[in-house]
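Protein sequences, first through last, are from chains A and B.
Residue 575 is where the first sequence starts when you use the numbering used here, and the numbers rise one by one after that.
Residue 575 is where the second sequence starts when you use the numbering used here, and the numbers rise one by one after that.
No lab work stands behind these hints, which were simulated from the structure alone.
Being a predicted model, the structure only gives us computed values, none of them experimental.
Heads up, some of the hints might be wrong.
Cβ-Cβ distance ranges computed for the label pairs, FRET-style [unchecked claim]:
1) D651(B) with G718(A): 14 to 24 Å
2) K841(A) with A1024(B): 33 to 43 Å
3) K640(B) with K649(A): 46 to 56 Å
4) D1012(B) with P880(A): 31 to 41 Å
5) D1012(B) with H812(A): 58 to 68 Å
6) R966(B) with K649(A): 53 to 63 Å
7) H812(B) with L717(A): 49 to 59 Å
8) N667(A) with K754(B): 54 to 64 Å
9) P1039(A) with P674(B): 24 to 34 Å
Away from chain B, derived, C-beta distances all over 12 Å, residues of chain A [what the hints assert, rightly or not]:
10) I652
11) R657
12) R678
13) K771
14) H805
15) R826
16) Y847
17) E853
18) A876
19) G881
Backbone N, C-alpha and C define an ideal beta-carbon position, used for all residues, glycine too.
Chain by chain, the residues:
There are 2 protein chains.
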Amino acid sequence: MATTETIHHHLHLHRHHDHHNTINTHLKQKTSTKSTRLAKSLSNLLHLHIQGSAQKSLSNVRFEEKKDTPTTSPKEDISDKWRDMHGSSDWNNLLDPLHPLLRREIIKYGEFSQATYDAFDFDSFSKYCGSCRYNRHNLFEKLGLNKHGYIVSKYIYAMSSMKVPRWLEKSRLLENAWSKDSNWMGYVAVSDDEESKRIGRRDIVVAWRGTVAPSEWYEDLKRKLDPIGPHGEAKVEHGFLSIYTSKSDATRYNKSSASEQVMDEVKRLVQFYKEKGEEVSLAITGHSLGGALALLNAYEAASALPGLPISVISFGAPRVGNIAFRDELHQKGVKTLRVVVKQDVVPRMPGIVFNEALQRFVYITGSLEWVYHHVGAELKVDVRSSPYLKHRFNLLGFHSVETYLHLVDGFHSSSSVFRSEARRDLALVNKACDMLVDELRIPQSWYQLANKGLERNAHGRWVKPKRDPEDIPSPIGEEHTLHGTDS
Amino acid sequence: MATTETIHHHLHLHRHHDHHNTINTHLKQKTSTKSTRLAKSLSNLLHLHIQGSAQKSLSNVRFEEKKDTPTTSPKEDISDKWRDMHGSSDWNNLLDPLHPLLRREIIKYGEFSQATYDAFDFDSFSKYCGSCRYNRHNLFEKLGLNKHGYIVSKYIYAMSSMKVPRWLEKSRLLENAWSKDSNWMGYVAVSDDEESKRIGRRDIVVAWRGTVAPSEWYEDLKRKLDPIGPHGEAKVEHGFLSIYTSKSDATRYNKSSASEQVMDEVKRLVQFYKEKGEEVSLAITGHSLGGALALLNAYEAASALPGLPISVISFGAPRVGNIAFRDELHQKGVKTLRVVVKQDVVPRMPGIVFNEALQRFVYITGSLEWVYHHVGAELKVDVRSSPYLKHRFNLLGFHSVETYLHLVDGFHSSSSVFRSEARRDLALVNKACDMLVDELRIPQSWYQLANKGLERNAHGRWVKPKRDPEDIPSPIGEEHTLHGTDS
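Chain A on its own, in the form it takes in the complex (with noise of 0.2 Å):
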């Protein structure tokens, strides 16, 4: 059998030692002409294309102006409903049509996805390459996302054992580097007192950052599946395992695992709002990496807290673990909804391997393809719903969190078009990737800081300012202010 590549791998997606501060930038020095072209392979082998239907034109489409409309129905309550739209009954009868206050949910939960992305320092001329521009007082307020009435409680940090870990982003400044070894991997946050209300409980999320594109990683996915858990029969994937699991004394960030730094924050807060006899949930989230990082969290926190209703909402996930690791998730009654974009190719890995003699990519014929297994419930939204979206193949805009969350937002079910009352802000779609139709004027790739972060000093000279103190990365404690006893 032809030895297991992965994607990464033969689209020669290379880490460069680039400058960035942006996702945009980011991506932009990921891609080559070689690349699109196995990546176009690929995809026809996984039938991802888009066959040539003709694109609908706008035109065609009910398309109104809604620049002066609000993004979002009103909030309702759903306290007498959440435990179904938490997954209690899978999401049975939910699903498709695709139940109203579901819909807001998964969107609440990508856009906290979204976050680790929006607010992450990708400038590897920047000192703190790898960390969060922002410190977890301002973290909401800087992206927008107070309206969804949650308060950041921790961040947590993540490294690697294997060597040269790839989905590491570092700074090429080694010596003055906030970290040689961590990178800033997510975050715990809990409804507030309103928010609480409306939604019959109170909710701890933790979501973990993923990586924006299949990238280097992959290469390093062995195929080598780790057991995790106390029988030895369910594996996962040895990678994710490595960045749930790594810790080190020899570094600042992780002296504890990020396991343990979330373990820890998710343990104390249902303790401390169990004793205010208050109803306590679980919602993991995350996209790409970061939803396969949420099911390793998953089943962590379903064995050290039985009871508690557990929820994974990802998005673009790749496949974890094998067959009894599905089927302990199941057994502890983590509930998983994998939102999924049917053209989008991460959720089909691994299961692929590429053949050297035929240089093209061939389902795998033995036993891997067998070992590698999805969990829970499935929401599969397709590109071709969506009359805003271009349709010709983008292996990056089909991953897009953003492209997930616009055609969740338009999906009512699996055999009606678009919603005509979808609100959500379009624009969002090409915040960092190149999706939207052309007609609607909005330029790819658009989220970026003015001049990349440089301003102008009392001279003129064009530097980078320094971060406040107050968004320095502080791995000491990470004071437990939300009820915490430190300060």
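Please arrange chain B on chain A, whose structure you already have, making use of the hints.
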């Protein structure tokens, strides 16, 4: 003889229908792998590549942190030297070594040229694509150029009678576009009272916009020479002349040609100041294509205003006309200073052909080589002289105005190293290219708007704000408010 082809054609630098609103996104779509390969072949032919002598490490050079120092030396009174600085003696003994006062003047005119790019609306999704983003009262303030003490008096618009003129930046919103035919092509400005005192005369500047990259319009260089002037012997390249002289009653902004617009204004200002008893000079500046237009402008101005001290300061300009053109300019007393980066390919053009049989570039051996001649004095600077620049092949970077100004700032003489007293902000080099060494940690191509010009409206939707009515281009009369009679 092989058909003459241009660099552009063989570099496949095709016009894309891309959406961009800065120089940088504009440039990104214009390069491709094949074009890079051919450009390298061209570079080798023209000995433009930089041999692999080890690039001096920045640490070996006295590199002081200059962030908290001014970016220029204090202004000096040159009123008793201005004629020399303006080229009355063809800058004899002023170029090598470079006289510090002349250095300052060159950089001033270079910044006036750069302004034509910084203020230009490249956004093909905007109805104002191809216009200046600011009105003439705000231009210098918005770009931080008030420091030079000049006032903009008129904008210049140009069109072309050539079919599919590819130098023209066009809005895709043809029905609503501010203009289907014209582009903002530059401006006329005048020194204010204080600056006029310092420099010993009232200086009228005409700044012509060029193109940021050797681009499509080179294909349109048909190697067809058109006569200019009354004798019929002086000839200039057809495409340049077309831009300079085209007009059509069917247009809004070019019922008069660029030539007529600029000459009307220059004559008006000359008369105004002469009647006040002031000495007056005319400095015409431009980069790339703009440098070519500057020469045509100078030819015409010298014919219309004999006795007026007229100088051209050009940056990276191609050859423009034949020997007779050069000689007539000389006879009319026009002084031309061509600033040339040794590694820049554009000043070598035209003069080469692509040999289809050999599939490479060769010098032409027929009459054409002998036809096109450069005019005037040359200040040649070398990328290798700067320890702050990467030396590897960079077609765009070698041609960039900011690279030119950096090298002029550091130039003492052809046998000296980069001046240690050079103060110009290094970060500027990377405004629209990738030339600075990594150690400086300045992002490449950093000059960009936050979120590509999108802003959040009252509902939180990301929209392109409307242009201030003040900044909407206005063709009618272009009000002569600067000492003029109209409002």
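Quick one: which hint numbers does this structure break? Sort them smallest to largest.
-> Result: hints 1, 4, 5 break, sorted rising.
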